[in-house]
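Residue numbers (our numbering), protein chains in the order written: chain W, 661 to 909; chain L, 661 to 909.
Take these hints with a grain of salt, some might be off.
For chains that are exact copies, the list does not tell them apart, and a pair is met inside one copy or across any two.
Said to hold, decoys possible - With a cut-off of at most 25 Å between alpha-carbon atoms, the simulated PhoX-like pairs for lysine-lysine come out as follows:
#1 Lys848 / Lys738
#2 Lys665 / Lys865
#3 Lys848 / Lys838
#4 Lys865 / Lys838
#5 Lys848 / Lys810
#6 Lys810 / Lys893
#7 Lys735 / Lys865
#8 Lys838 / Lys738
#9 Lys738 / Lys697
None of these hints come from the bench; they were simulated from the model.
Number of protein chains: 2
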Amino acid sequence: MLKGKVSVVGTGPGPVEFITARAAAAIEESDLVIGYKLYVKQLALLLEGSEKEVISSAMGREVDRCRRAVAEAKKGRKVALISGGDPGIYGMAGLLLQVTHEEETPPEVEIIPGVTAAGAAAAVLGAPLTHDFAVISLSDLLTPWTVIEKRLRAAAEADFVIVIYNPRSNGRSDLLAKARDILLERCKHDTAVGMVRGAGRDGEKTWATTLGDFSCCIDEADMATLVIIGSSKTYWHGGKMITPRGYEL
Amino acid sequence: MLKGKVSVVGTGPGPVEFITARAAAAIEESDLVIGYKLYVKQLALLLEGSEKEVISSAMGREVDRCRRAVAEAKKGRKVALISGGDPGIYGMAGLLLQVTHEEETPPEVEIIPGVTAAGAAAAVLGAPLTHDFAVISLSDLLTPWTVIEKRLRAAAEADFVIVIYNPRSNGRSDLLAKARDILLERCKHDTAVGMVRGAGRDGEKTWATTLGDFSCCIDEADMATLVIIGSSKTYWHGGKMITPRGYEL
């Protein structure tokens with residue numbers, strides 16, 4: 661019997677130039693590409709001219725995609741399961757492994773890391789993540805809001821830089837404002853805030869502000885937006901957001 | 661006058677196959693490559709046969725490397741300043757920007773994100789970072805230990821997965837054991853712990869353990885090691901470390 665395999669492939673922030681050589685090779689070597697339709701569309705340049713089967717599906721069909729990937733690999737096919745950013749960070753790696761654990765004879769799995777959305781957003785803003793940071797998703801679809809609140813408070817209390825994923829969950833626009841209010845219980849109004857929509861993609865847009873002035877742009881956040889809240893040490897200078905590591909200059 | 665530029669290039673966990681196309685192009689297009697000697701050595705395959713000038717220096721010469729990069733760019737040269745992993749995560753991006761801010765007419769700077777050490781280690785271990793996490797460096801060279809302790813406690817209290825960078829600082833081997841003891845004040849003894857040395861590199865080594873049993877391998881940690889401490893939801897299954905996102909299977 662042929663030996664099938666699922667490669668969970670991190671494709672980075674979007675443009676194919678941010679894909680690693682390893683990820684591109686895994687897609688090239690695969691018989692079948694499975695992914696969320698937006699991420700698959702971004703791979704058009706890589707898939708052009710290939711006879712490869714491509715299965716794309718809508719947001720929310722994550723479990724289906726994983727089950728299909730495992731089923732096809734068990735038939736002996738090489739499957740590239742696409743995950744935007746890094747598949748291990750709010751991505752498909754965990755779910756795929758959970759699905760394989762339902763199998764008596766699971767297929768081989770390889771997880772190929774990618775450039776994270778946080779790293780791409782940080783690069784656009786300057787260097788806000790060069791010291792300790794916490795990564796928090798505001799999506800309360802799979803996590804109780806009380807847990808999210810607790811994490812926001814703890815991260816602010818210990819002066820972490822905070823990266824916020826999914827600032828708008830399920831169409832709800834008030835989560836980010838709620839998070840801002842919680843952070844303002846502990847953080848100063850002049851705490852640096854950077855926001856990036858579509859980091860590294862065409863139409864990328866950035867905002868430079870502070871927690872106190874965040875209402876200037878808070879409603880612009882959408883599902884493709886990442887928000888970075890500085891620590892007490894973070895500052896804006898010359899249009900760049902910087903968290904110093906502590907070197908003497 | 662020629663227009664110089666510094667590209668701060670993230671080269672990922674080590675092997676050139678984990679470098680993005682954008683990063684490889686920036687190195688290719690540069691007149692001069694500057695970096696920490698280990699990272700420059702890892703680029704041998706990319707630099708082979710080129711007539712490019714390469715300046716490598718020792719750990720601890722970070723400020724010098726940044727100043728040199730800025731000085732050379734001001735002469736009109738294109739400089740690739742190499743930073744392992746992602747240059748924005750405990751990397752060279754922040755320091756380079758700080759150095760440019762000393763200049764009256766700073767050169768153009770581009771920051772090119774890379775695969776982080778955390779992402780590479782997570783991929784090797786399974787999928788420990790698919791939910792909220794905190795990233796903490798134990799290096800007390802540039803950060804007071806009291807701040808590090810406070811962040812460890814806050815992260816454990818709010819049930820973050822915790823990624824520990826620099827588990828051994830300045831040759832001191834007791835920092836990781838101290839961190840473990842602090843975490844055990846709040847975390848259960850059976851909290852999943854994964855450790856990876858040289859993720860993605862030849863000779864990569866992983867350890868699967870728990871906080872309570874961490875003494876089995878805690879002394880194996882070195883400067884190239886990353887430690888991931890699970891949340892209360894993280895578990896080991898089939899040799900893989902998983903933090904479930906919360907999907908219904």
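Hint check results:
Within a single copy, Lys848 and Lys738 get their C-alpha atoms no closer than 52 Å, and across copies no closer than 40 Å, so neither meets the 25 Å cut-off. With identical chains, the CA atoms of Lys665 and Lys865 are at most 25 Å apart between copies only, with a shortest distance of 23 Å across copies and 38 Å within one. Taking CA atoms no more than 25 Å apart as the test, Lys848 paired with Lys838 passes inside one copy only; the shortest distance there is 16 Å, against 31 Å between copies. With identical chains, the CA atoms of Lys865 and Lys838 are at most 25 Å apart within one copy only, with a shortest distance of 23 Å there and 43 Å across copies.
In this homomeric assembly, Lys848 and Lys810 come within 25 Å of each other (Cα to Cα) both inside a single copy, at 19 Å, and across copies, at 19 Å. Taking the closest pair of Cα atoms, Lys810 and Lys893 come within 25 Å of each other both inside a single copy (22 Å) and across two copies (16 Å). Taking the closest pair of Cα atoms, Lys735 and Lys865 never come within 25 Å of each other, the shortest separation being 44 Å inside a single copy and 31 Å across copies. Proximity of Lys838 to Lys738 under the C-alpha cut-off of 25 Å is found in neither arrangement, the shortest distances being 44 Å within a copy and 45 Å between copies.
For the homomeric pair Lys738 and Lys697, the shortest alpha-carbon distance inside one copy (19 Å) is at most 25 Å, but the shortest distance between copies (38 Å) is not.
Of the numbered hints listed earlier, those contradicted by the structure are 1, 7, 8.
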